[in-house]
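Heads up: the sequence lines are chains C and Y, in that order.
Numbered per my numbering, the first sequence spans residues 1 to 490.
Numbered per my numbering, the second sequence spans residues 1 to 490.
Calculated from the structure, these hints are not laboratory results.
Any given hint might turn out to be false.
Said to hold, decoys possible - If you want the ones that stay clear, here's a sample from chain Y, every Cβ over 10 Å from chain C, calculated:
1. V31
2. N63
3. P67
4. I68
5. K72
6. G84
7. E88
8. A150
9. R158
10. K208
11. Q246
12. T300
13. N339
14. D389
15. G390
16. K453
To be verified - Reference listing, derived: stretches of chain C covered by chain Y, where coverage requires no fewer than 3 residues with Cβ under 8 Å from a Cβ of chain Y:
17. 15-22
18. 246-253
19. 264-274
20. 438-447
The beta-carbon is built from N, C-alpha and C at its ideal position, and this holds for glycine as well.
2 protein chains.
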Amino acid sequence: MGKGITKRSEDYSAWYNELVKKADLAENSPVRGCMVIKPHGFAVWERMQAVLDKMFKETGHYNAYFPIFIPKSYFSREASHVEGFAKECAVVTHYRLKNDPDGEGVVVDPDAKLEEELIVRPTSETVIWDTYKNWIQSYRDLPILLNQWANVVRWEMRTRLFLRTAEFLWQEGHTAHATRKEAEEEAVQMMNVYADFVENFMAVPVLKGVKSESERFAGAVDTYCIEALMQDGKALQAGTSHFLGQNFAKAFDVKFADQTGKLEYVWGTSWGVSTRLMGALIMAHSDDEGLVLPPKLAPTQVVIVPIFKNEEELAQISEVANKIVKNLRAKDISVKFDNRDTHKPGWKFAEYEQKGVPVRIAIGPRDLENNQVEVARRDTKVKQTYDLDGLAQVINDLLGAIQNDMYEKALQFREDNTTEVNSYDEFKEVIENKGGFVYAHWDGTAETEEQIKNETKATIRLIPLEKGEEGVCMVTGKSSKGRVVFARAY
Amino acid sequence: MGKGITKRSEDYSAWYNELVKKADLAENSPVRGCMVIKPHGFAVWERMQAVLDKMFKETGHYNAYFPIFIPKSYFSREASHVEGFAKECAVVTHYRLKNDPDGEGVVVDPDAKLEEELIVRPTSETVIWDTYKNWIQSYRDLPILLNQWANVVRWEMRTRLFLRTAEFLWQEGHTAHATRKEAEEEAVQMMNVYADFVENFMAVPVLKGVKSESERFAGAVDTYCIEALMQDGKALQAGTSHFLGQNFAKAFDVKFADQTGKLEYVWGTSWGVSTRLMGALIMAHSDDEGLVLPPKLAPTQVVIVPIFKNEEELAQISEVANKIVKNLRAKDISVKFDNRDTHKPGWKFAEYEQKGVPVRIAIGPRDLENNQVEVARRDTKVKQTYDLDGLAQVINDLLGAIQNDMYEKALQFREDNTTEVNSYDEFKEVIENKGGFVYAHWDGTAETEEQIKNETKATIRLIPLEKGEEGVCMVTGKSSKGRVVFARAY
């Protein structure tokens, strides 16, 4: 395993970067800003995908696949979308290389220039609405409830593994509806699906709300979002769901005949979560020893480490270990028996701690004599001895308890780091020294929002959906319709 | 549903194109050569993915993810690879657009030119071996057994949905080994995994073998492959598995210390199947009415269509239908009860025929009186009446029988269309008039292979792995080590 990682208290950012690499989750690739997702990291992402995909299907969505390339002109069709997305992107201009006449390598063939440049999709609203135009004629063709799992590219200048990379993996849902009401309900439903996933599988509590105009998706009427709090007191946007109104339908001329035969523009939504969730998962739970994974998303939930001096001892332990493996698998618990003789138990302990395996079972010769094993929780590091009899049920319950405790711990942390303030001075003090979510009154203008951002680096993370008590803006003293949530954010 | 599709006997190519669209599998996108995979097509592909992914994991592989972009210079590192892959590809030259100073749209920002162009991956050996260099120091780091599910781009000039598209979806396995023997065994194992999948899930028999030098993957020492026969007598390469020798290890300087501490180059394999399998699936089984799907890959295995005149009749039928649904789902059979009153039964029959649902159950008022239903097989169109009692088991057995019969029918077709020839005249006659697989003696030279290809459009699909009887080349009369398999191919 080599040496440990920087402590969170010393340098949170270094801690994160080192942990991602040490836990074998991801690494930087030779291509600027693009990452290699390593097997352990990808296994966690696969579990996220599987759960989310099931949730999407249970809410009536189907998967499909749209092209990675989008003609440049498509971005100009929706006025605000082009500002938000068509700028920092990967542009394909040619379709052929040729041998370098002056050297050994290959060069771009100038004769193979595309008539219109292609953009590697940063998001797919444009190409999908262009396609929907051909699929939708009548109200009978609605709703369309599609999702795609795909890679997208946004040419970020400052990148960090999982949190902000030029290429990332995500899902993007794109739905089309006959009524405004149905589309709005869909957008809210998907925000709730995301919240359900992040809270109940990632064990991370989230706030739900709607973005201010300046933080809204480029092309949306409303952007619903979920926001989570990281251990350093910064917020992380974990998922967004956009009510697009008729914006893309108008941009791509997508109309349907309603039941009276009248032509109307279609209403739309789009919603997405990405490999950024991996960053949230890591930063919400992990500690100075490494990754801490909630059992529901851990690729390996239990590891069994034998403690032995010779082959005979290993053989005796293996017999018991294999029975435990069998009993755990019968309960759908994923378990690994690490019987390698090339590494010492202490090395293995450190490795599985770093990789975040929720439960470790250690078995030595004395345990066999006493018909027991030592069980260690990764989240609290508490060790306890249990009888072999009924062990599978004990472990099963323990995994449930860990999942629950991790959520409760994160919730407590969020509560401890949520502050209501009534003056701008207090606001600045909290943002600077305590961090976390800060509830404050704001006058609803982009100017005040911008001023606060410039002066404190805090942004409006969301406007709560439920109506709050009225008040006066902490900055301008103008009237406020309710407190909004501020934080410094990733 | 609109009108039917062109008959296979009239125009096989038009039949295929129309079927893909009518069965809602895929369509062309606005971007040249790229396809939109529609929900029904994607649902079939998802089933393929799920089965293959399980097979890969059962043979010890893990999933990971590598970047979509590859620096241009990487392609020049492996001499033959650059010839095979670095030519027709999508080249990213810029990373920013800006508002057109002379107009309304956006233009490429000339100030945002990349120092080195990036290629959208046509295949990932180069970037993966460049990464492996950092992962491999000692024999203890081997083997590495990775797979990725990804999109790739090859700038094909003539494209056809699923069979040949500029962007396609695939999986690519990339493994690294300490010994030549282990790598060769891996390559053969994955060819066998592919054959298992195509035969037992797609119900398409395949021939297994190795490619001739001219048909080999650019950078491989040996390319193992599986070849299937389509209904028009043309062959389709359904999957390839490459023994790479030490070629990529040498190109990217990937060495390991063996148990004695000696540095050696690593041995490699790569293997892949793609959405092209969708084309094979369609062309192997489907008929003039539409798609025919093997039950193991059908998203919906059974559809129940009620035949009713009024709401009362529908209510009575629904009661029975819902029981059938429940009993079938208890046996893990995917079933849909189409109780829409917006379409007539005949319209529904045609729709599900076109989409390839393996079994259709029709229930009318008289069936209820007789405690029976009418069951129609999609593959043979045979209808039969069955008692409601024990129906779930009957359907379960029927799905098994359909899976098996589809394979046997395709196998019989292949046998009927496999010919052994002893002269070049006979060869030309068979290739031109009968088609199918032709076993013939060949002298082993690229010149003769090229001549045959130019004169007959037939290529060597594979060289069988088992040693055949010796003979003389049908073209040159020189000695031949055994018959090889020729065909015209997709």
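Subject >> Indices of hints not satisfied (ascending) >> reply: 1, 2, 3, 4, 5, 7, 8, 17, 18, 19 and 20
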